[in-house]
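Colleague: If you're matching them up, the sequences are chains S and B in order.
To convert, note that position 110 of the first sequence is 110 in this note's numbering; the numbers rise steadily by one, no gaps.
To convert, note that position 25 of the second sequence is 722 in this note's numbering; the numbers rise steadily by one, no gaps.
FYI, nobody ran anything at the bench for these hints, they're computed from the structure.
One or more hints might be untrue.
[Stated by the list, open to error] Derived pair list, reagent style BS3-like, types lysine-lysine, alpha-carbon separation capped at 25 angstroms:
no., chain 1, residue 1, chain 2, residue 2
1, S, Lys472, B, Lys770
2, B, Lys713, S, Lys281
3, S, Lys163, S, Lys2
[Said to hold, decoys possible] A short, non-exhaustive set of chain B residues, derived as facing chain S with CB atoms under 10 angstroms:
no., residue
4, Met698
5, Arg699
6, Phe725
7, Ala726
8, Val751
9, Arg755
10, Glu769
11, Lys770
No residue lacks a Cβ here, since even glycine has one placed at the ideal position from N, Cα and C.
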Amino acid sequence: MKIKAVMVGQPNVGKSSIINAISGARLHVGNFAGVTVEKKEVFIKKGDYDIEIVDLPGIYSLNAYTPEEKVAKRYLIHEDYDLIINVVDANVLQRNLILTLQLIDMRKKMILVVNMIDEVEEKGGHIDGQKLSKLLGIPVILTSAKEKKGVDKLVDEIINTYKLPKCGCNIYYNEKIEEEIENLTKILLKSPHFNTKEKARFYVIRLLENDEDIYKIVHDLPIFLELHEALSESIKRLKMEFDVDSVADLLADERAAIARSIVMQVAQLPRKETLTDKIDKILIHPIFGLPIFLFFMWALFQITFEVGSIPMDYIDAAFTNFADWLKHILPPGDINSVITDGVVPAVGSIIMFLPNILILFLGLNLLEQTGYMARAAFLMDGFLKKFGLQGKAFIPLVSGFGCTVPAYMAARTLKNPKDRLITMLILGFMNCSARLPVYVLFIAAFFPTASAGNILFIIYLTGAFLGLIVAKILRTLLFKGEPEPFVMEMPPYRFPSIKVLLMELYIKAKLFIKKAGTFIAGAAMIIWFLSNYPVNENLVNEYEKKMELVKDDSEKVRLHNELAAKNLENSYLGRFGKMIEPIFAPLGFDWRLSVATVSGLAAKEVVVSTLATLYAVGEADEKSSTLIAKLRQNVDFKAAIALIIIIMIYSPCIAAMSTFYAEVPQWAWRTFYTVYPNVLAWLLAFFAYNILAMMGY
Amino acid sequence: MRVSDMKIGEEGVITKVSAQEPVKSRLFAMGIAKGNRLKLLDHTLKKQTWEIDVEGTRVALRKEEADHIEVEK
């Protein structure tokens, strides 16, 4: 027997942790058809039953607002399933019940899961599950996913509820409202599309609330005209009777009143000053809030650099030694060279930054999971508003420091398309963690160690600030109009689950190493090949003859290096570099830096690995110096700054760009997005280079 | 009085929510509905962003939204 259930609940009620806590469940993560909203499915086998639970995105109500909410609503209305599992947070039962009441309107079989009951009991509170079940007419389970309490009862309850003939729901609205619902339902039932009274009743309620999605469905029915007329009459009568602006308001008030009365009957929720209140007094203090927030951000970048750099030298040295060792073990020739000059230094130059990236991700995850991210949005709203953005844009913007790809998706929390597009257009200015290796490398090469953390912080701040200025310009020139209103839940502070944090870090590390081992190693091989071929036999012969003639050893080494350099310049990559050199020449880039910059479009880490390969190939003697030393010899300070500016602004990697294209369907914006960062990057780098030149650097 | 006229720490019962759709449904979904208890927790220095507590839920809003919620002490 197959049972299909959907899990629905408001955000922050702990749906994912319930799913993780069901024992013997198999989890599958995918996407909802046609959209990149994550779809989690759980499969459980119990006795004769194969149970499938689809976890829908968190929704505040059936009046869908964000794209995620629309996905969830569409699923609830159109898909086929046997029962609904509605998860609520025991702490804020009253607010959560409003969604529950909207779901009960559907008259589907339903289970109410009251989660986080441990937090209520800790405060000395109590919820009477049996009474709640009686009042709503649906089974109720009290759970604590954190303490694994009650979660396994859910599986049995799913089977029991499945066996019920139908939902025992007994929530009704005011008599007068029910009367109108009854009349309209009769009209709707005339249409052969409605075989059950329950579905017709649900549609009528949604229509009374002016639900456009449902309106579109009934619009094409033959009884539409009759229904439409009766509906307007009903709405008119109800508005008069209750003296309200709309029936939606009326039903909202009704639900609020029902929820309030139910909570009064079944729950004691003591209101003590909670830890959240105390912490909030400090963290969102009108005066100290912002400085504290800036301090946290500064500390995060300091730790990222300082702690992350401790294992860096060891990793660097280990890979350099490993390459040297391999060079002697393997037979000389192309294979030796591609591995020891191409792949190993490239992969090593990337793996080196794994600690930095993990620390930065850990920090951002902590901000998110503890609930501080919402406070930061609260603090930043006034500031962001000045640039035509809103507080909630802060969440995608900060995610952008981790990776631009999920940040583009996080921008979906912004409903207004203009707000969303502006936010997405400037997300590239939030330096992602893949750019970290480039910065760390250049800072290490061109700045004193003591100020490294600060320089990094300045780079990130400058990027963010530039983004805001661009946002302001876009808002004034291209997107006139009011920004989206700001209404955001501030979830209570919670201690993050160590298990979840470690899991996320593990996934991140695994993906990163996989990327270094496959994509970046592959790119390095290509770069190596392009930089070694074609071999100019005449040139080699000429130099070999020259070298035979000279006796002096140092002269021999000089000629050897000259040959290597000439070969490199003559290679495919050298020719390509020479071709694009004029574009980058005004910024003081040699062809190597130019090639590295272009290769960064594939992935930003590749800039570092390309430089590692290019400088390793160019150097023919055995004495291996680190990449940092080579950069100091080959690149001047002005060009280094110009490169940092280019990396800060120009187009993000291919993965990020394709995500943007997927999220933004208009070609005009796609084109704009593809062109303007590169033009801006070049111009600003050019100014910086020349200003530094005038200052005598 | 309006939420934007309240002082930090003041409490009241919501009497009217006059915001426009779709903000209105959003406010309702957060529990900001007639009859519920509301407490002003905090606002930023320039009174641009406000934090309120409605029946145990903390919600952040802007002045524009706070202007459209009326409470009675």
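Colleague: Would you pick out the hints that fail for this structure and give their numbers low to high?
Modeller: 1, 2, 4, 5, 10 and 11
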